[in-house]
Each structure stands twice: as C-alpha cells, then as structure tokens.
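4 protein chains.
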Amino acid sequence: MKIGLLGFGKAGKAVANVILQSSDFSLEWILKKTDTLDNLSAKDILGISSPDCATIYSQSTVDIKILLEEHPVDFIIDFSNENGIHHYGKVSASKQIKIISAISHYGENEVRLLKELAKETAVFWSPNITLGVNYLLFAASLLKNIAPGVDIEVVEEHFKTKSGVSGTAMKIAETLDIETDSINSVRAGGIVGKHEVIFGFPYQTVRLVHESISREAFGSGALFVAENLKNKQKGLYNFEDILRPFFFGETAKSFS
Amino acid sequence: MKIGLLGFGKAGKAVANVILQSSDFSLEWILKKTDTLDNLSAKDILGISSPDCATIYSQSTVDIKILLEEHPVDFIIDFSNENGIHHYGKVSASKQIKIISAISHYGENEVRLLKELAKETAVFWSPNITLGVNYLLFAASLLKNIAPGVDIEVVEEHFKTKSGVSGTAMKIAETLDIETDSINSVRAGGIVGKHEVIFGFPYQTVRLVHESISREAFGSGALFVAENLKNKQKGLYNFEDILRPFFFGETAKSFS
Amino acid sequence: MKIGLLGFGKAGKAVANVILQSSDFSLEWILKKTDTLDNLSAKDILGISSPDCATIYSQSTVDIKILLEEHPVDFIIDFSNENGIHHYGKVSASKQIKIISAISHYGENEVRLLKELAKETAVFWSPNITLGVNYLLFAASLLKNIAPGVDIEVVEEHFKTKSGVSGTAMKIAETLDIETDSINSVRAGGIVGKHEVIFGFPYQTVRLVHESISREAFGSGALFVAENLKNKQKGLYNFEDILRPFFFGETAKSFS
Amino acid sequence: MKIGLLGFGKAGKAVANVILQSSDFSLEWILKKTDTLDNLSAKDILGISSPDCATIYSQSTVDIKILLEEHPVDFIIDFSNENGIHHYGKVSASKQIKIISAISHYGENEVRLLKELAKETAVFWSPNITLGVNYLLFAASLLKNIAPGVDIEVVEEHFKTKSGVSGTAMKIAETLDIETDSINSVRAGGIVGKHEVIFGFPYQTVRLVHESISREAFGSGALFVAENLKNKQKGLYNFEDILRPFFFGETAKSFS
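If you're matching them up, the sequences are chains A, B, C and D in order.
According to the working numbering, the first sequence is numbered sequentially starting from 102.
According to the working numbering, the second sequence is numbered sequentially starting from 102.
According to the working numbering, the third sequence is numbered sequentially starting from 102.
According to the working numbering, the fourth sequence is numbered sequentially starting from 102.
Same shape as in the complex, but just chain A (with noise of 0.2 Å):
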C-alpha cells in the first residue's frame, strides 16, 4: 500500500523513518511547506535503504492535483499542522484515498472539512495516535465504568521547558470525566514523556502507565491505523473506532 506523508519537521521524520522500514507499506512522497529541501530522497536524510521512492516535494513548487496523478498514494498521513487539509482534502477524498490525520488541534472549519470528506472517503482523526495513549485512555475508561465512584488522579512528566499542562493529560481528564485539578504536572530535566493514571480504592490501587521512548511511536501508530482503515468504508474514524473491534472479536489487523 501506497503512502503520501505530509509535514516533515521531527514528528514526520519519525514517521518517515517507520514507513521506509516497513515492507507492507511504500512511502511515495513527502509534502512539506518549504522548498529547501525539494526532489531530495528521505532515505537520505534520514540514512535508510529502502526501495520507496520518498521523494520530498514541497507545497509551494508543487500541484497536489498532479502529483497525485502521478504518483497515487491509497493513504495521505498529515503530520503537518492544521491547514495541511485543506490543500490536499477535497482533492484526496474525490479520489477516495484515505486521509489519517495526527494533527494535535483542529479549528471549526477543518472539523467541518473533515467531516465533508468523510463522505467521500475512509478520514480518521487522532490528536494522538500512539496506541499506547489510546489504549490507556480505552482501559482506563473501562475501568471508570465498572468502578465510577473510584478515586482518579494523573501524573504527567515531560521535558522541563514543555508549557502547559500536556494535550494527552487534558484528553484522559475529558474522557474520565475528572476536573483538570486532579492533573499533576511534573516538569524536570529530559523526561520524554510519561502518563499515569492512578486508580485508588480504599483496599487496592491501579496504575496504568505510559512511557514515550521516541517519536517513533507515532509511526507504528499511524501504520497500524492504516491496517484497520484498509477495508473500511467511507466515514470518520477516531482511533477507539479501531481498537473497539478487538473487544467484540471483529475481523482486526493487529499491531506489529
């Protein structure tokens, strides 16, 4: 299966870096905003051998009408930021390509555009598309519902520069309903990145985990995304749309 990546700064480098590897996926172009590095091969830059073109266009120089004619793509993964999808959108979905969208924040507009194209074609949205996050906030909304009076707490640790309380932190606290006082920031040194969310009964405690170890995670993510969407009809996809088959014992690809 054929893939066009858009956005190129660290994440997508990362993500870049997991395609080339992979042999059930073929990255055929990146899109990113600036020409400075234009007809030059991803492979090279990040040291890959790899027989995927990788080839990096940039949006200034370069027709998304044309380019997808001329080197179709059966996904669109958008690393890029919020208005990446409105130059490839309409164009994509009239061409029934998959869009999977990692993008973090999402105005009404796009919010509205992506539901437009999922009219047309598969569209998946995930602020984080990691499937240890996801997957956390799926058992751990498991388990507020089999215990909802349960006491919830969540430590989060990144980087001693990282502003703000961490997006992933503000989406357990949405999905467990808890009040974002119940939030605790740790910011010290190089942490990567660590969610726990702690779980206290009068007698016991439960602790779910998660640890970012590199960037890379949002590309195995992403390709495991693109497994499930494969077969799947037009409409718009979050990412608990692909792990909730897992429960019911649906046809699933699983993770690798």
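In short, the hints are calculated from the structure, not lab data.
From a predicted model like this one, the values you see are computed outputs, not experimental measurements.
There's no promise every hint is true.
A pair holds if it fits inside one copy or across any two, identical chains being indistinguishable in the list.
Below, computed lysine-lysine pairings styled on DSS-like, alpha-carbon distance capped at 25 Å [unchecked claim]: (1) Lys333 with Lys245; (2) Lys196 with Lys335; (3) Lys333 with Lys114; (4) Lys354 with Lys261; (5) Lys114 with Lys144; (6) Lys354 with Lys331; (7) Lys331 with Lys134; (8) Lys220 with Lys144; (9) Lys111 with Lys144; (10) Lys331 with Lys245; (11) Lys272 with Lys103; (12) Lys331 with Lys263; (13) Lys245 with Lys263; (14) Lys103 with Lys134.
Assemble the complex: chain A is given as a structure, and chains B, C and D must be docked to it using the hints.
Same frame as chain A, but now just chains B, C and D:
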C-alpha cells in the same frame, strides 16, 4: 441480601469487616472449622457496630442443614479451604443459595463438584477475588490481543517470607500465554503485594500495576461479585463473566 | 534499656507494639492523657506476650515524679502531643533521662523548652521519625549538593481524606530549597503514604521513593534513635545528627 | 580546557555532542580506529556549530606523539575499547595529560598499565561514567551501611536484545554485597535503561531508581569528572573519589 461466610482466618476476618460495614448486605453468620469462638459475634471480635447478627458457629458443633433453615441466606461466601465446599455445597445448591468461592486451589474432585452444583444454582469461583487483579488480567489480555507480538514481562513484589512465585503472577502468565521465565519475583521486607505487567514496544512502554493495601479488598470484591450474581441464572461463573457486561453495555452493577 | 512511652493513639500503639517485640528494650510504662485504660497492660490490649510490664497510667491520676521514681527509665519516647513535654520534660531532664520526641509541630515555647532541657540531658526531636524518610532527606540533599542546578519535583500520595500537603513533603521542599509549587499531591483511595523525589537531568533521571507500609515504622525509627542516643552527651539532636556518623566512619549502631 | 576524545561510536558521538556544546571545554580532536572520516570535523557530522576544531583522525594514519605535540590537550577521554589505553597511555602520562577512561571492561594487563600511568598523572576509570548510576551506588551503599540487615533486590530493565545481566546491575550487587540471584532482569521492547534498587524494611520500603534517557549522559558525566580531576594530583581515581568531597565539605565542582 443475607450472607453466610465460611472461614474466619485473616482473609475471612477482613471480608467480615467489609460486609458488616455494608448497608446492602447483612452478615447472618460465620461458619468456622474450630469451636474456639462459638456463639460469639464477629462484631465484638472486630469491634464494629452493625445491625447484622454475625454469629460465629463451628462445623463440628452445628449441622449445616439446620443452620440454613434457622438462619437462611441468599449467598454463601467461602474463604475457608479446599474442603469447605464438600460441607455446604449440596445442601446450599438444593436451596438455590448462590455460592461465591474464593478458594485458591481446588482439586479435580472439587472442580467436578462445582460443575455439579452449577446445574442447580449460580456458582462463582475465582482464586483471587479482588477487582483490581481481575481487571488487570482483563485489560492485559486485551492489549495482548491487539499487539500479539509485544514483549511482556511481569514483576511481582511480596514480603520476604512469601515462598514461590505468587499464584496471581502464575495466572497472569497463563492468561497472557507467556513463559514463567518472564516472571520476576521480588521478596523484600513487608511489601504487601504488587503485580506489574510490562508491555515493551519498540518506541513506547505500557505498564499495568496493581498494589494491594489490605485484605479488605477481598471483601469489596466478593460483594461486587454478589451484586452482579444476584440476577444470574444457575451456571458456573468466573470473574471475567462478571466484567464482560461492562464492555457490551449489558446491565451490570458497578463497583462501589 | 528501659523506656517510658507518652501517648497511646494509633502511632503510640504501633510504637508500643515494636518495643514489646524488641529484646534490647523494655517498655516499662505508658502514660496517656485519659484514664480509660488505667492499670491495664499494653500487652493485653495489643495481644503480645513479653516480659515487659507495659502498664498504662494516665496523666490525671499519676504524679510523673513518683512514676519516674518507682519505675525509673532510661528514655522517654514521646508520641503524645505538643503539650506532653511540659508534663514530663523538666523532671526527666533533671534525672538525665534521655528524651526522644516525635511530635509533629511544636510552638515557640516548646522549642525553647527543648533547648533548655538539652542543657541537662540528650534531647532528640524529629517530626517524622522513620528511617526511610530521614534517609531520603539526607540522600536527596546530598544529590542537590552535587548538582545544585538539577530540576527537582516531589510527588506525594496519600489516602483521599488527608487534607493539605503532607508535612513530610513540606520538609523535603524546605530541605532541598525548592518551591512548594514543585510538590504534587495525589489523594486517592486508601494509599498509606508515598513520597517520591524526582531529579530530572537533561539525559537521565534519578528517583528516591519512600513508601509507608504501617505505623510500626515509627517504632523501629524510635528504637534506632535510642540505640544511637545511648552514649550521646547532653544536647539537642535531630535525625541528621544520628545519620551523619555513618558517613564519617564514626561509631554508630546500625538499624535492625 | 582542551580535550582529546578516543572513540566515535554511539557513545563517543554522544560525548562529542556534549563537549561541543560546553563553553568550559574545547574538543580539540577525536581519534578513531578506522580512517573513514579522516580530517572531517565532528561538528559537521553532528550538525553542531561551535568554535572547537573537533577534527577526526584515525589511529592508523596519525602518530599519537605528533598529534599531542601539534594539538596539545589537558584531558584524554576514552570511549574507545580495551586496547585504546595501550595506544595513548604512556605518551599522555609522560606529558601529564589527565586520563579519563569509561571503558566497560579491562583485562589484567590494562589494569596494571593504569596503575603504572597513575604514578605520573591523574588517571580516572569508571565503567559507567554517568552521575546518576554512581550516585545510586554511593547512596545505596550508605543505606546498606545504616541498615546492614535490610532486604535488597535489584530490578534492571533494558531493550529486548540486550543479552546477559547489565554490567551496572552486577556492579550494584557487588557494591552492596548481595547475591546475583537478587537481580531481576526485564527485557522488553525499546526500554533505554532503568536500574531500581529496592530496600525492603518490615514496615516501609525505600527505592532508588535511575533511568537513562540518552547516551549524552556519558558526556555530562565525563565533563563532571574532568572538572573535579582538574586540580587532582597524580593517582588512580574512581567515581567514588569524585563524589566523596561533597560529603566532607571539601572543595568540589558541582554537576551542571
């Protein structure tokens, strides 16, 4: 709902403690092996005020048939030992009293007897009856299902004098189909009990951790089972049967 | 060595429990505020067999001067309250009885009194008398000393109903000279007590963690202090004074 | 102060990275085994701008004697291999260049050579040169000293493919005089490296935990050693020698 309790060792006492403090359940009596506390009330021994009778009888001085007639119960909760079920099983099942057994190990004879009794009443058996450990098993096997190739290791910590690998850790290994080599047993000081399942992915780690604070967790677990067994038909149930309805939106009574 | 204990609340009972089980120390008597248990033995109340007397007296019915004459002791261990020291301080100091106080907070008057008494006998005061917490303070300030610019955060976890930031966490912040903003307080279920000091370096993390299992830790700590105070001259001591000889190879009695 | 670096593997590169970013030290040159990068600058390879030269030479094409004359240094930091010391040891020592070796294992010959060289210059050797691990060893042996009878267990976690027990865990066991049976090795996914020493007391638990984030920690450690070796006389030093002055209030340069 009325409860009869088998066993008054450390676990039995803790369970009695929790039932006596519950307003939904009444502890009618306790049946223990020896007659050292005959006709005393568990309330006095535990120092709890409660409207429940909680009279202590012994197997040697009281006929179980007469006990069940004079002091009828809806549930028998068994924290005695492997042989307890032979004492009360048949007569209880014939009266449709529901049976909740937390016995660690049963021989073949006892398992056969449980199946026999399950033809007449609802019979529940779980070697570890805490919600936390059973949730851990459930959530862990779900993640294993999503990511069958993930590396899994177990670390269990208990007090210095605990011999052998913990039964719960063995159960985790069996459920997740991993080698017992992957269980690491830490024995130090007075650690009450901790089980940690580590899922190591290439770029991220997920940990599920259960920590015991006190044996009263057995009592909460037993009452949670009782709540959810109340309307169940005859048959043999385990903890997974109790948890499954929470996934599928079926009616289930939450943990409190 | 003979011990008189002030206070018989939850902490006092746990301390009595440990002293009664020690073969190096004898619990002569317990002095409590109210006379509800007058002349009973702590051995019966705690269900421990021991050659110690451990008779319970009350401040209202027994004259401390007469008590110390009829039942002389080498140490007074104080788990009562702020005012206890006024009751036994002067008379004990005049008899060179060593004083070990574990009172959480003293007012100015009491601190002045302690200093006064320290001119006549060895007086020890520590608001948290467990070895673990004091070792943590010591080891943490050492690391801060080595790496003054390191990011430090504290996470403390306690049972849901504990109000305010834990006194121990405040003490850690004060000792390490960090803002109280850096203390994260988790309150959930029945967690007994956990303090974690996180040192975040750019490329590595060091964590010092103390977990409480039961109040008996106060008893072990008090006896460890007694052992090491035995040969000390008059003066005012804290836990750091007890730990320091272990660094410098001076004679010190190890913890057991 | 000027530094010459031996070795440019994964660890060597990370160390070069840290030295290049330090304003107190200048990376004069790097000496590696093979000539594949001859005469290139580590700055270009690592993408760092710095006033340092950081030229790469190879042992086969450059005479160490001439190198040290044309590009004199104050320190040699050795991240090469067991044999490196034979190449640069004698000539460096004769010029009173201080030697900092982070080689994991030395044979008897090399240890003898180190002792020989230490008669002429300050020679430092530590198989794990991070501050965190060495602090852990120091703090752990202190607690063992205070409480010789405490139960100690070690849990070390590393990436799946790491074979054998970690050298650091072996060192911890040796330092604390515990059986290697007490080391629990977890191997899963991409875990960078974690060492946890658990002290189990009857009523409390103390844990010392070190987590590695990246190999750059070796660089910080090496520079910390260099700072503190600067004014040291000839002799053989290890990390404990560097840490000890922080206890005794002697002059020492803190970690930054």
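Tested hints:
1. Lys333 with Lys245: between (29 Å within a copy, 23 Å between copies)
2. Lys196 with Lys335: Within one copy, since 12 Å is at most 25 Å while 56 Å is not.
3. Lys333 with Lys114: neither (27 Å within a copy, 46 Å between copies)
4. Lys354 with Lys261: between (38 Å within a copy, 24 Å between copies)
5. Lys114 with Lys144: Both, since 10 Å and 22 Å are each at most 25 Å.
6. Lys354 with Lys331: This pair counts as within: shortest intra-copy Cα distance 10 Å, inter-copy 38 Å.
7. Lys331 with Lys134: This pair counts as neither: shortest intra-copy Cα distance 27 Å, inter-copy 49 Å.
8. Lys220 with Lys144: neither (35 Å within a copy, 51 Å between copies)
9. Lys111 with Lys144: Intra 15 Å, inter 21 Å, cutoff 25 Å: intra and inter.
10. Lys331 with Lys245: between (32 Å within a copy, 22 Å between copies)
11. Lys272 with Lys103: This pair counts as neither: shortest intra-copy Cα distance 31 Å, inter-copy 43 Å.
12. Lys331 with Lys263: Classified as neither; 36 Å inside a copy, 35 Å across copies.
13. Lys245 with Lys263: between (29 Å within a copy, 23 Å between copies)
14. Lys103 with Lys134: within (21 Å within a copy, 42 Å between copies)
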